[in-house]
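Asks: Protein sequences appear in the order of chains V and D. The numbering used here numbers the first residue of the first sequence as 1 and each following residue consecutively. The numbering used here numbers the first residue of the second sequence as 1 and each following residue consecutively.
Calculated directly from the structure, the hints in this document are not laboratory data. Keep in mind it's a predicted model, so treat the numbers as computed, not measured. Even glycine gets a Cβ: it sits at the ideal position worked out from N, Cα and C. Mixed in with the good hints, there may be bad ones.
Here are some, though not all, of the chain D residues that point toward chain V, as calculated from beta-carbon distances under 10 Å [as the list claims (entries may be wrong)]: (1) Ala29; (2) Arg78; (3) Glu81.
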Amino acid sequence: MATTDHRGSEIERWERETFGAAPERDAPFSTMSGEPIKPLYTAADLPADADASIGLPGEYPFTRGVYGSMYRGRLWTMRQFAGFGTAAETNRRFRYLLDHGQTGLSTAFDMPSLMGYDSDHPRSLGEVGREGVAVDSLEDMETLFSGIPLDEVTVSMTINAPAAIMLAFYVVAAERQGIGPERLGGTIQTDILKEYIAQKEWCFPVDPAMRLVGDMIEWCSSHMPRWHPVSISGYHIREAGSTAAQELAFTLKDGLTYVEQAVARGLDVDDFAPRLSFFFNAHIDFFEEIAKYRAARRIWARELRDTFGARKPESWRMRFHTQTAGVSLTAQQPLNNIVRTAIEALAGVLGGTQSLHTNSFDEALALPTEEAVRVALRTQQVIAEETGVANTIDPLGGSYFVEALTDRMEEQAYAYFERIDQLGGMVEAVKRGFPQHEIADAAFRYQQEVEAGVRKVVGVNAYTEGDDRETEILRIDPAFEVDQVQRVRSLRERRDSERVTAAVDALVEAARDPSHNLMPLLVEAARAEATEGEIVSGLQAVFGSYREAPVF
Amino acid sequence: MPAASEKKIRVVVAKPGLDGHDRGAKIIARALRDAGMEVIYTGLHQTPEQIVETVIQEDADAVGLSILSGAHMTLVPRVMELLREQGADDVVVTLGGTIPSEDVKELKELGVAEVFTPGASTQEAVDFIRGAVRS
């Protein structure tokens, strides 16, 4: 077309004469994921069918946002991930955060809880309450949310392999508050595929683990209409070292795999898809992240509508939570992390996230202190109240650069989808270690760039002069472990052990039949006060356990 | 790089406890291998007993422990104790992870040769292990 040619030659002229008049500085000029960036983007970089492919907020393909009014209607939820020590301790931190203006809760569990061990299991020694809160039983779940009205506050729980068990504990804890499951709003992470890929928290082999995910999606679709039974996650994939395109591709492919499996068990896609949710990283390469979220929305909408035939617009909407990149934080000059987190949070907001967690400046060293987490929360509040970025929807829409990058991310994602399909789908790809290898390679490449000084990290390989005063960090009191061990042991003595045995036996028996939805029996086991460890061991007798083949 | 006549340094890279953060351990393992060392990566979720058994079976010169779960003050002393009990306390023990500075002091007093905290480079780890093993 004449106009394009004219524009094209104009840009060439500009590049040669005006831009080229002075030398470029010595820098990679690529995103941190390795995507080369041009000096200038112009109208020539917009898609040919810009109006259709970009669209309008709240309408297919949702590039500009999942809702019609976005932050004009309601700001994103400020949802800080929290948890350490015992349930009582974390309940205190939850209340501190709510008092300081947080609008939703997010629960971090400790390693034993994440891996399905009770606090008094030999493998739990030294680990109880360190990375999150220890929850062994219904009683702990009740204490965790004591004084918090579960029909008014939405709660997210970051737990995957034993998610079905924790959901059962949560449902019964709410029951004891007089609240039925249909009134509960929130999310449970459940995304087991990304565990094998990146977060590495598992109890069972892949296939039975996928069955549990299906059971949860199915049961929640009829019992918990306000609940998100899965939070399909890229955060951890990115933290493990993937590029932005890999994070995007692997996350969406995981999601599409859950949809496939749910449909294969006979569910109507429109019955569960509206309740699927996502969770992405907000890393430090600002525009790449914004493009990633926009591409994600467009891809998901297209796949759900066109590949799966979902008819409800609610099924096409990719709603997501964002967390700023833990892995971008430095132990050197920790106050700089406040800056990093602020910029990353801004990317999440400009990318249209539905909820946001901002890391604290001390998190390269430890779990956050109260002071540090307050600053992190205030970061979101400053963005929301002072910067004006929430005054209009998708302010970067139509930006030549952002739209071009969005298109590029989408292309890269589809290239990965094809490779994964060639391997036989995501489950097969995971079993063969494909995403794990891609991630390890990307992580190594990035580390080499940093060590070669090609990628600058302020305070680490650039501007290393000076350090902040010794940062006071949160220390986990070893008394928490002692208390928790006592708690779970005392529970086992107090409860009706016959009822527990009967409940766990019934569950284990049902587990042998892959078509038997285990949620109702899990709820029964929760009511009987079976511990998490007891339930997991029972299920492992049928499902087996998982050991990753170590590769580097 | 070691001379052709020198035996390759044998290093076990291990993930003790329930911690699943393996990005760093895998990078270190690769870097040590690229530097000419023989690397045995144990994979995740190893007990101290399993790690020490591997160290002894593999006749390792050094072991690199990686812990980002906060459980290091339980797991590392246990590894040190087992190495001593089994007469393998000439093995160079290094640790990487989210280790607060007060703990670094205590761990070194227990015999950990070096602790690599966030921001440390693979080259530092390679150089240290090579230096410590050869001395």
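Asks: Each hint needs a verdict: does it hold in this structure or not?
Replies: Checked hints:
Using the Cβ-Cβ criterion of 10 Å, the hint placing D:Ala29 at the interface with chain V is satisfied: the shortest such distance is roughly 4 Å. Given the 10 Å rule on beta carbons, the hint for D:Arg78 holds: about 8 Å separates it from the nearest Cβ of chain V. Look at D:Glu81: its Cβ only gets to about 13 Å from chain V, farther than 10 Å, so that hint breaks.
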